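Throw the hints in and build the complete structure from the sequences for me.
Protein chains in written order, with UniProt numbering: chain U, 1 to 383; chain Y, 1 to 147.
Hints were generated in silico from the structure; no laboratory data involved. None of the values given here were measured: they were computed from a predicted structure. Glycine residues also receive a C-beta, built at the ideal position from the N, C-alpha and C atoms. It is possible that part of the hints are untrue.
Stretches of chain U that chain Y covers, calculated by requiring three or more beta carbons in the stretch to come under 8 Å of a beta carbon on chain Y [stated by the list, open to error]:
| hint | region |
| --- | --- |
| 1 | 122-136 |
| 2 | 240-250 |
Cβ pair distances, simulated, as ranges [said to hold, decoys possible]:
| hint | chain 1 | residue 1 | chain 2 | residue 2 | range |
| --- | --- | --- | --- | --- | --- |
| 3 | U | R68 | Y | G96 | 46 to 56 Å |
| 4 | Y | L113 | U | R296 | 16 to 26 Å |
| 5 | Y | L24 | U | P20 | 47 to 57 Å |
| 6 | U | R190 | Y | D114 | 26 to 36 Å |
| 7 | Y | V104 | U | R347 | 47 to 57 Å |
| 8 | Y | V104 | U | R262 | 41 to 51 Å |
| 9 | Y | F47 | U | R221 | 45 to 55 Å |
| 10 | Y | G96 | U | R296 | 19 to 29 Å |
| 11 | Y | A127 | U | G350 | 54 to 64 Å |
| 12 | U | S182 | Y | F47 | 41 to 51 Å |
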Amino acid sequence: MILDPVHVAGAGMIRFGKHPAETTLETMGAQAATAAMRDAGVRAADVEALYVGHVFGGPVAGQRIGARIGLAGKPVSNHENYCSSGATALREAWIAVGAGLYDLVLVVGVEKMTDRVKGGVQPDPNDLDASIGFLFAAGHALSARRYMADYGATREQIAAVAVKNHAHSVANPYAQYQKPVSLGEVLGARPIAEPLGLLDCSPISDGAAAVVVASRAGLRRLGIRSAPRVAACALVSGTVQAGLGDVNEEDISRRAGAEAYRIAGVAADEIDVVEMHDCFTIAEIVRLEGLGVLPRGEGARLTEAGYTSLGGALPVNPSGGLLSRGHPVGATGAAQVCELFWQLTGRAGGRQVEGATTGLAYCKGGSVSGTDGASVTTVILTT
Amino acid sequence: MPTTTAESPGTRAVRPFRDGLVALDPPRLLGSRCAACGTTAFPPREFCPSCRAVEHIDKAELATAGRIHSFTIVRQAPPGMPVPYVLAWVDLPDDGVRLLTTVVGTQPEEVELDQPVELELTPFGTADDGASLMGFRFRVTTRGETR
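See below:
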């Protein structure tokens, strides 16, 4: 490992949800950034660079945010990896700080969606799958139906992901939805892409989340004695698929997990808490299996049995996940890291995973026809 | 861009919606096949996704008979995409190819896993020059019908 230790010195976000049109991307990004800087006790003048993840924010959204919070003139970069954009921005910050280029930088994930995205998100129009009629909901529905057929999982077991994550969200003041839902409500919801219904799908949301990333010298400058360490921030892309294998093989998740475990020097069974990209219920199940934290084909059954609930053996999405917190796509990766930061510093309130010292956050962003995905990020935070 | 009023031959022609992806007569999907390991790819690739060879990748016409590996009935889609429609992973067992496609020929509620389907061409809109673009979909094979 050639990078110097890199830490999260502070975190801040705004509540995700459907914000009015006048609450702009710039407003939200600036609010989250200011909250994170206040949390870390860093002044704008001492922030050396800004890394911004977004998808639909248009050209130089990061600079538009930076100009509002006193970072004009500093290095600002914009990072797009679809739903992994926020985590990809963090990865660039992690590399730069770990390489010794900076001691204190700011990472912002932000998205304004409710005024520009209707009916679900799609691949780029130039992608072959888009011209065939592919939607992300449909892709996960194909996964769900095959998972049930191959592993004997039930529709109810898949729906249990939504019930669990909504139950967790009740204690998360940043979540778009903070109410429990029943199994019957999930099963009876309006169908979107069968077998998945509305409550199997994460919502279209607005929001922003930010973290201050620091070297050891940066922490000293802020008077912070200890802070969670970014032990790994891995990134992989999908491979071109051939043949008639298991559509839920999740090789991309396996590779993303393996890379993070390698960099962090952490084993899968040492993870105490996971923030998982549950853009759809089934996605949480198959990705956990791909990461190797649940046995293949067992994820749905284990979810129903409470294994991944707060108080279970491996709590997944104590924040409520994308299903409840909302999914402003570029912000999600940063929000996951905010949650892990709060979990590892004992500040997660009613959703605290007791004694959590190692957390993993997973994002999967985008699709490319013929591959098993576009981008997957895996972040490991340790105390 | 200058506009032409005279119709030149071919402007109302029919052509594949993407070059090299479908053949119109007879209707076929076009893929690529690795001479070294025999892996077939769709859409055609300039390399072999299995053995990574970049040489001796040949063009290949794919079999038209497939079976449904997984499917969904899409009930909600962005504006401009009429619902419901059936989207499926269809396997072409003869080629070892799995591809994404829409499926027609039966009520959406009657689509099943492993159901046999057959390739057909279908309009995929109109090009800027007026040509109609042909794409593909699969049709459920009538019960009892043999391939």
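Now for the hints, and whether the structure bears them out:
1. Counting residues of the region 122-136 of chain U whose beta-carbon sits less than 8 Å from any beta-carbon of chain Y gives 8, enough to reach three: the coverage restraint holds.
2. Using a Cβ-Cβ cut-off of 8 Å, 6 residues of the region 240-250 of chain U lie near chain Y, which meets the minimum of three, so the contact claim holds.
3. R68(U) and G96(Y) have their C-beta atoms about 54 Å apart, which keeps the hinted 46 to 56 Å range intact.
4. Roughly 20 Å separates the CB atoms of L113(Y) and R296(U), a value that falls within the hinted 16 to 26 Å.
5. A C-beta distance of roughly 51 Å is found between L24(Y) and P20(U), which places it inside the suggested range of 47 to 57 Å.
6. A hinted range of 26 to 36 Å holds for the C-beta pair R190(U) and D114(Y), which are about 28 Å apart.
7. A C-beta distance of roughly 54 Å is found between V104(Y) and R347(U), which places it inside the suggested range of 47 to 57 Å.
8. A C-beta distance of roughly 47 Å is found between V104(Y) and R262(U), which places it inside the suggested range of 41 to 51 Å.
9. Look at F47(Y) against R221(U): about 49 Å separates their beta carbons, and that is inside 45 to 55 Å.
10. A C-beta distance of roughly 23 Å is found between G96(Y) and R296(U), which places it inside the suggested range of 19 to 29 Å.
11. At about 58 Å, the beta-carbon gap between A127(Y) and G350(U) stays in the expected band of 54 to 64 Å.
12. S182(U) and F47(Y) have their C-beta atoms about 50 Å apart, which keeps the hinted 41 to 51 Å range intact.
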